[in-house]
Amino acid sequence: MSTADRTAYSAPAAGLPAILRRTSSEVAYWLLPPLLCFAAFWPGLWVWFQADDFAWLSLPFSVHDWHSLMHALFAPMAQGSIRPLSERAFFLVLESAFGLHALPFRICVFLTQCANVTLLAAVMRRLTGSRAAGFWAAVFWLVNANLVVVMAWSSAYNQVLCAFFFLGAFWFLLRYVQTGKISNYICQWILFLFGFGALEVNLVYPALAAFYTFLLARRHFRATLPLFIPSAIFALADRMAAPAQITGPYALHFDRAVPATFFTYWHWALVSAYVPPGFYGRLEVLLFAVLTIALLGFVAVRAFRRDWLPVFCLAWFAIVLAPFLPVRDHISDYYLTVPTLGLAMLGAYALVRAWRKPLAWRALTVAVVAAYTIPMVRLDRTLTPWWARRSWAVERMVLGVARAHQLHPDKAILLDGVDSALFWGGVFHHPFRLFGAFDVYLTPGSENHIEAHDATGSVSSYVLPAGVALHAAKSDHIVVYRVGYKSLKAITSNYESTILARPNGDEVPRKVDVGNPLMDYLLGPGWYLAEKGFRWMSHAATLKIGGPTSGAERLYIWGSAPFGPQAAVLLKVTVDGMALPETRIPLGQDDFRLSFPLPHEAVGKNQILVGLEVERTFRFGADTRDLGLSFGTFEVR
Amino acid sequence: MAIETTRRQLLISLLPLCTAACRRAEPDLSGYTEEEPPHLLSTVSTADPRAAPQLLSGWYQVEQNAWRWTARNFAAVLRPPPASSTLGAILELRFAVPDVVITVLKSVTLSASIGVLRLAPQTYRQPGRQVYLREVPPNVLSGDSVRVDFSLQKAVPPSQSDKRELGVIVHSLSLETK
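The listed protein sequences derive, respectively, from chains A and B. Going left to right, the first sequence walks through residues 27 to 663 as our numbering numbers them. Going left to right, the second sequence walks through residues 23 to 200 as our numbering numbers them.
These are computed hints drawn from the structure, not numbers from a lab. Keep in mind the model is a prediction, meaning the values are calculated, not measured. In this text, a Cβ means the ideal position worked out from N, Cα and C, and glycines have one as well. Careful, some of the hints might be misleading.
[What the hints assert, rightly or not] Where chain B lies over chain A, by a calculated footprint (3+ residues, C-beta under 8 Å): (1) 143-149; (2) 477-485; (3) 556-567.
[As the list claims (entries may be wrong)] Over the 12 Å line for every Cβ pair with chain B, so calculated as not near, a few chain A residues: (4) Cys134; (5) Met266; (6) Arg328; (7) Val629; (8) Arg651.
[Claimed, not checked] Here are the simulated lysine-lysine pairs, DSSO-like style, with alpha carbons at most 30 Å apart: (9) A:Lys631 <-> B:Lys176; (10) A:Lys558 <-> B:Lys200; (11) B:Lys200 <-> A:Lys515; (12) B:Lys200 <-> A:Lys437; (13) B:Lys185 <-> A:Lys570; (14) A:Lys537 <-> B:Lys200; (15) A:Lys537 <-> A:Lys570; (16) A:Lys537 <-> A:Lys383; (17) A:Lys558 <-> A:Lys537.
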């Protein structure tokens with residue numbers, strides 16, 4: 027063991043027999059990083075579900091047989107991703123076994139992360155021959171505040187599991203390089219292939235393995251080349267199953283934004299992404315500059331001396347980050363989980379090298395390590411409880427709505443007092459459907475208290491229009507709850523009195539969801555009963571909707587024609603009796619979207635009457651109704 | 023082939039088995055809401071067990087989990103909906119006149135009263151679903167509850183096959199603020 031090792035990691039208990047001292051030292055060596063994991067992210071162990079978790083938790087509802095199970099496990103979902111192990115199986119199995127108890131999910135995340143820090147220490151120990159380097163690599167990675175999200179949000183398990191497969195495969199590659207045993211090479215392959223079930227970024231592992239062997243074990247370089255074959259096949263299959271998005275936050279942009287995105291990630295990796303205002307003060311730039319100079323300087327100096335390990339560590343960061351760089355409109359801190367493994371290894375190697383220098387160098391190193399570690403730990407201990415508190419607020423709201431639905435199964439539920447955190451962490455992801463509560467809305471005006479994220483979604487589509495709320499209150503079809511600190515408080519009577527006393531509360535909404543039974547009063551004759559978000563019309567039907575405020579506004583219609591004769595059907599639309607351009611709708615397609623200019627005479631009217639007429643109706647199967655078309659929403663905007 | 027099928031079936035059964043074996047009992051959610059004191063309903067579905075206390079007289083058992091036969095006279099108590107004491111309300115009775123009633127009685131005339139206020143009668147000569155709608159002035163809706171008495175001019179008298187006096191089949195009744 028080197029002097030550095032002894033100093034950085036020592037203090038065996040005096041007086042114990044040597045073997046016991048060695049054993050206790052070894053046990054402490056392997057136990058300390060996992061314990062640090064629990065200590066840094068303790069509240070993350072107790073978080074409930076939030077945000078995307080609810081989409082995955084609803085997966086079991088779609089599993090009825092072998093075919094649907096395969097679909098749930100392997101069909102592209104959520105931006106076309108296919109992650110059967112880290113998302114589909116993770117949620118399917120644990121929810122099937124434990125229901126909506128979050129702790130088993132969290133234990134799984136923490137245990138995987140404990141395995142990760144253990145593997146990281148083992149990898150670094152093998153790379154450098156230094157126990158201290160292994161230990162500090164684990165510490166530097168663990169404390170990085172970009173890991174808060176993955177340690178506090180079950181949907182980010184894909185990052186933790188991906189890190190496991192990366193580290194596991196690489197560890198077996200190192201063993202193969204050092205021992206030449208083919209079993210290690212096979213184990214590397216197995217873990218690498220399983221990695222495709224965790225996260226798409228796994229496909230860059232061959233580049234990592236090839237680069238390592240090229241720099242540090244050239245004799246084995248050729249053995250890494252076959253690894254590119256599964257990556258190529260996966261990339262091809264992934265593109266075929268889920269074509270790249272051209273628009274939206276996940277669209278790929280191979281342009282000048284790539285270096286800027288890289289710089290942002292580099293900055294976040296060293297000083298964290300979401301720093302509370304005033305956290306660093308003016309020192310943030312200085313800290314970033316010092317850490318950048320220290321790391322890049324170390325890489326340059328060692329490369330000049332033909333020590334290529336720092337170059338490899340830096341390349342780890344760049345190679346693993348590369349797939350995220352074209353996604354310029356969705357830069358996320360948790361994408362740094364696997365790339366920062368490289369920087370943690372680089373930092374740890376720099377530390378143990380510096381420790382061999384004179385005292386002044388050591389003092390400087392301690393200062394730099396403290397400047398990185400102390401703020402990161404503080405951030406961990408600030409941000410993780412925030413995630414936990416938000417999840418608990420979501421839990422109270424979701425289970426409160428579940429209870430309200432138990433008590434009032436025939437009524438729509440209105441939530442009052444929902445803030446931004448609750449909306450984007452809960453309501454937006456339809457968590458109430460897990461309990462069969464589909465008719466849950468926010469009270470009119472709630473959108474004024476919720477931060478808008480237009481790229482993610484619209485708040486207003488979750489808000490019940492004031493006129494509809496008024497009618498629902500009059501007909502006793504709603505119950506209203508205020509989101510409180512401890513529970514949901516029923517305020518139906520007070521709310522109804524307030525809304526009924528409000529002048530001009532009866533305005534006709536400019537967006538009519540014909541599939542919502544609360545909007546029945548806006549529908550004229552010709553409609554059948556609502557069916558979970560849509561409603562069929564017969565030969566002709568009418569509805570009332572708020573009029574346009576300017577001549578530029580149009581009427582937007584969303585509907586579907588999922589079955590019926592293949593020939594197109596002619597749809598005639600009128601507004602207050604004035605005909606709009608006729609449209610042919612092909613039947614047998616999932617949905618259609620139409621937009622029409624509105625007549626000038628309609629501008630400024632409180633309400634207009636929209637008439638719909640199809641040239642012919644049809645019957646389907648045992649259904650005896652004469653069906654025209656089915657519609658979802660009508661909107662004037 | 024058979025072994026393959028059996029293996030598949032075994033795999034498929036794993037998930038529900040796991041669910042059945044391991045899923046804990048549904049959590050007790052009673053502490054997650056703070057409810058208002060119980061009050062009468064403004065809208066009553068006659069099959070809803072919570073509404074049964076509001077059906078005062080002239081009602082028979084729930085049938086097909088959806089409706090109840092009435093006698094010639096029947097009564098219910100409803101909560102005046104919010105602001106109805108200033109705006110008035112609409113009384114709505116959703117019911118069906120069965121073929122057998124029209125066959126025997128030829129027509130059915132329904133009327134209602136709230137205290138001393140008599141609401142206009144309506145005569146139904148066709149079988150099928152019907153709605154009885156009447157405006158109710160605000161002055162009779164000032165209390166916490168209002169009793170509504172319905173009356174049919176004629177009813178099907180008890181017979182060998184059915185010993186009940188049969189009026190109409192009611193699905194729901196409600197008061198809604200105007």
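Annotated coverage of the region 477-485 of chain A by chain B, confirmed only when three residues or more have a Cβ within 8 Å | violated (count 0)
Given the hint that Lys537 of chain A pairs with Lys570 of chain A, test it: the Cα-Cα distance must not exceed 30 Å.
-> With a Cα-Cα distance of about 10 Å, the restraint between Lys537 of chain A and Lys570 of chain A holds, given a limit of 30 Å.
Does the alpha-carbon distance linking Lys631 of chain A and Lys176 of chain B stay inside the 30 Å limit?
-> Status violated; Cα separation ~49 Å.
Regarding the pair Lys200 of chain B and Lys515 of chain A, is the alpha-carbon distance no greater than 30 Å?
-> holds, 28 Å
Check, residue by residue, whether the region 556-567 of chain A contains three or more positions whose beta-carbon lies closer than 8 Å to a beta-carbon of chain B, and give the verdict.
-> violated (count 0)
Chain B versus Arg328 of chain A - minimum CB to CB distance exceeding 12 Å, so not interface | Holds: least Cβ distance 52 Å, greater than 12 Å.
Outside-interface status for Cys134 of chain A - nearest CB in chain B farther than 12 Å | holds, 15 Å
Given pair status - Lys200 of chain B, Lys537 of chain A, alpha carbons within 30 Å | holds, 23 Å
Are the Cα atoms of Lys200 of chain B and Lys437 of chain A separated by 30 Å or less?
-> Distance of about 20 Å is within 30 Å: holds.
Non-interface label on Arg651 of chain A, tested against every C-beta of chain B at 12 Å = Given that every Cβ of chain B is farther than 12 Å from that of Arg651 of chain A, nearest at about 16 Å, it holds.
Quick one: see if chain B covers the region 143-149 of chain A, three-plus residues with Cβ-Cβ under 8 Å.
-> This one is violated; 0 residues, fewer than the three required, reach chain B with a Cβ under 8 Å.
Val629 of chain A clear of chain B by more than 12 Å, beta carbon to beta carbon?
-> Non-interface label stands for Val629 of chain A: nearest chain B Cβ at 30 Å, farther than 12 Å.
Figure legend: structure checked against the earlier numbered hints; hints not met, in rising order: 1, 2, 3, 9, 13 and 16.
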